[in-house]
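Q: Okay, here's what each chain looks like letter by letter:
Protein chains: 2
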Amino acid sequence: MIKRYAQADHLLVAVDCIIFGFDKNQLKLLLTKRALEPEKGNWSLIGGFVGKQESLDDATTRILHKLTGLKNIYMEEVKAFSEVKRDPVERTLSVAYYALIKMKPNMKLSAEYGAQWVPIDKIPPLIFDHQQMVEAAKKKLKTMAKHQPIGFELLPKKFTIPQLRSLYEAIYEEELDKRNFSRKILAMNLLEKLDEKDKKSSKKGAFLYQFDKKRYIDLVRNGLSFVI
Amino acid sequence: MIKRYAQADHLLVAVDCIIFGFDKNQLKLLLTKRALEPEKGNWSLIGGFVGKQESLDDATTRILHKLTGLKNIYMEEVKAFSEVKRDPVERTLSVAYYALIKMKPNMKLSAEYGAQWVPIDKIPPLIFDHQQMVEAAKKKLKTMAKHQPIGFELLPKKFTIPQLRSLYEAIYEEELDKRNFSRKILAMNLLEKLDEKDKKSSKKGAFLYQFDKKRYIDLVRNGLSFVI
DNA sequence: TCAAAAGTGTTGACCCTACACCCATGG
DNA sequence: CCATGGGTGTAGGGTCAACACTTTTGA
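Line by line, the protein sequences give chains C and W. One point on numbering: in my numbering, the residue at position 217 of the first sequence is 219, and numbering is uninterrupted. One point on numbering: in my numbering, the residue at position 65 of the second sequence is 67, and numbering is uninterrupted.
The reader is advised that the hints may include incorrect statements.
Copies of the same chain look alike in the list, so a pair counts if it fits in one copy or across any two.
With a cut-off of at most 27 angstroms between alpha-carbon atoms, the simulated DSS-like pairs for lysine-lysine come out as follows [what the hints assert, rightly or not]:
1) Lys42 - Lys5
2) Lys206 - Lys124
3) Lys215 - Lys141
4) Lys81 - Lys141
5) Lys35 - Lys104
6) Lys124 - Lys110
7) Lys81 - Lys54
8) Lys106 - Lys87
9) Lys5 - Lys54
10) Lys5 - Lys35
11) Lys35 - Lys140
12) Lys216 - Lys206
13) Lys142 - Lys81
Calculated from the structure, these hints are not laboratory results.
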């Protein structure tokens, strides 16, 4: 049995993270300023190299944890970016991952990266092919959000229907009729209505709900297809 | 400006191709028998390593061309497979690509690979994680076929509606009502009806059609959303 | 009392599904 | 002349989009 594949090239492999958050009815991305030349000081996605003993998921989990201190962040591969000259320093293949974060006001980000949340409609020019990565991630987020209940990953555990609708409006970049939206989402029977109200955004207050993951898994087993 | 990223690991990177064909109303995959230990002689996808001066698309194109002699094969990334121990010989990251081929009776495959077409419902056990790759590719093919006019990549230029329907039945693994199917596909105005009939599969003969790509691009511009 | 957001129903249009019979022709 | 696959229309149900007014309450 052979011990190695002879004469094949070895490449640097990286992951770059498109980290979405939702705050003040806005979708945001977590960006950083590049620490080294070339393009030092320019805006960049947060990423890192994949080690010999890590899978891509491992590497992404490590990077996200180091940055945010959080575990169990929802994340998924977007696609690989492999143009030979995409990184001028050295030939690097990078796999883009998107991640969804429940933003909290008291959230502390590792100072090391100097990361900042930037509204999605105000993304500055980014280094290398990171713009394309963001575009691909936005597209993927749209289709995923439509067919899988991932929106909840961007909201606190307890949220209101208007909050959820506003999130979907931000993701889809279009307005949604509030009556149709709440009818549709409630008809799926995935939300548990709580007795509390959230009065932060109106005087009347809006009822809080919780996503019921168990019920979701059950319903999928019985052939529910989530579409919103 | 730095010239290299120091101290980061370099990995072997490969692509593996899930090559779909359609023949005799069956979806098929092009498989090969592995030429080296371990798992020598076992069924495998066709793949190869990515060179320092190639993108993933380049490498896939090269491999597909070497195997089939064809250019402009429709192909698309499925996802990356990166488990550390997925290849027992050496740590290798592999990106799965699916490809769609218009099978022709006189088609000559490079002898080097000893490749064979295998009906999709009779896929033998495959090496490494190639089974997972096939599953992922089948899933991707289903969603792509539903939303993009890629079915035509598996048929000859001229085809009949019953052929097309049978292809979609194979992809979806379910039967489709022939009246509803032809109404739906014809209503999209993407097919050009020819004056010829194909009499291979019936005495009456079925009219041949051609996919009109220009019209498709036009209609998409005007907001058509292909769904079948 | 007013401003601001939450909540709630109905209707018409369209789309999708289900379903059965005749046609053309090679053998 | 008959067996085989090709081709075609309709009706009913369900789903989706459009639409406006009332409620609550903090300021």
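Q: So, for every hint listed, does it hold in this structure?
A: Hint check:
1. In the homo-oligomer, the alpha carbons of Lys42 and Lys5 lie at most 27 angstroms apart only across protomers (14 angstroms), although the nearest pairing inside one protomer, at 41 angstroms, exceeds that limit.
2. In this assembly of identical chains, the alpha carbons of Lys206 and Lys124 never lie at most 27 angstroms apart, being 32 angstroms within a copy and 62 angstroms across copies at closest.
3. In this assembly of identical chains, the alpha carbons of Lys215 and Lys141 lie at most 27 angstroms apart whether taken from the same copy (25 angstroms) or from different copies (23 angstroms).
4. Taking the shortest Cα distances, Lys81 and Lys141 sit within 27 angstroms of each other both inside one copy (12 angstroms) and across copies (16 angstroms).
5. For the identical chains of this complex, Lys35 and Lys104 are intra-copy neighbours only, at 22 angstroms inside a copy versus 47 angstroms across copies, given an alpha-carbon limit of 27 angstroms.
6. Within a single copy, Lys124 and Lys110 get their C-alpha atoms as close as 22 angstroms, which meets the 27 angstroms cut-off; across copies the closest is 53 angstroms, which misses it.
7. Taking identical chains as interchangeable, the C-alpha atoms of Lys81 and Lys54 lie at most 27 angstroms apart whether they share a chain (20 angstroms) or sit on different chains (19 angstroms).
8. Neither within a single protomer nor between protomers do Lys106 and Lys87 lie at most 27 angstroms apart by alpha-carbon distance, with minima of 38 angstroms and 37 angstroms respectively.
9. In this homomeric assembly, Lys5 and Lys54 come within 27 angstroms of each other (Cα to Cα) both inside a single copy, at 16 angstroms, and across copies, at 22 angstroms.
10. Within a single copy, Lys5 and Lys35 get their C-alpha atoms only as close as 42 angstroms, which misses the 27 angstroms cut-off; across copies the closest is 20 angstroms, which meets it.
11. In the homo-oligomer, the alpha carbons of Lys35 and Lys140 lie at most 27 angstroms apart inside one protomer (21 angstroms), although the nearest pairing across protomers, at 40 angstroms, exceeds that limit.
12. In this assembly of identical chains, Lys216 and Lys206 lie within 27 angstroms of each other by CA distance neither inside one copy nor across copies; the values are 31 angstroms within and 54 angstroms between.
13. Taking the closest pair of Cα atoms, Lys142 and Lys81 come within 27 angstroms of each other both inside a single copy (10 angstroms) and across two copies (13 angstroms).
Of the numbered hints listed earlier, those contradicted by the structure are 2, 8, 12.
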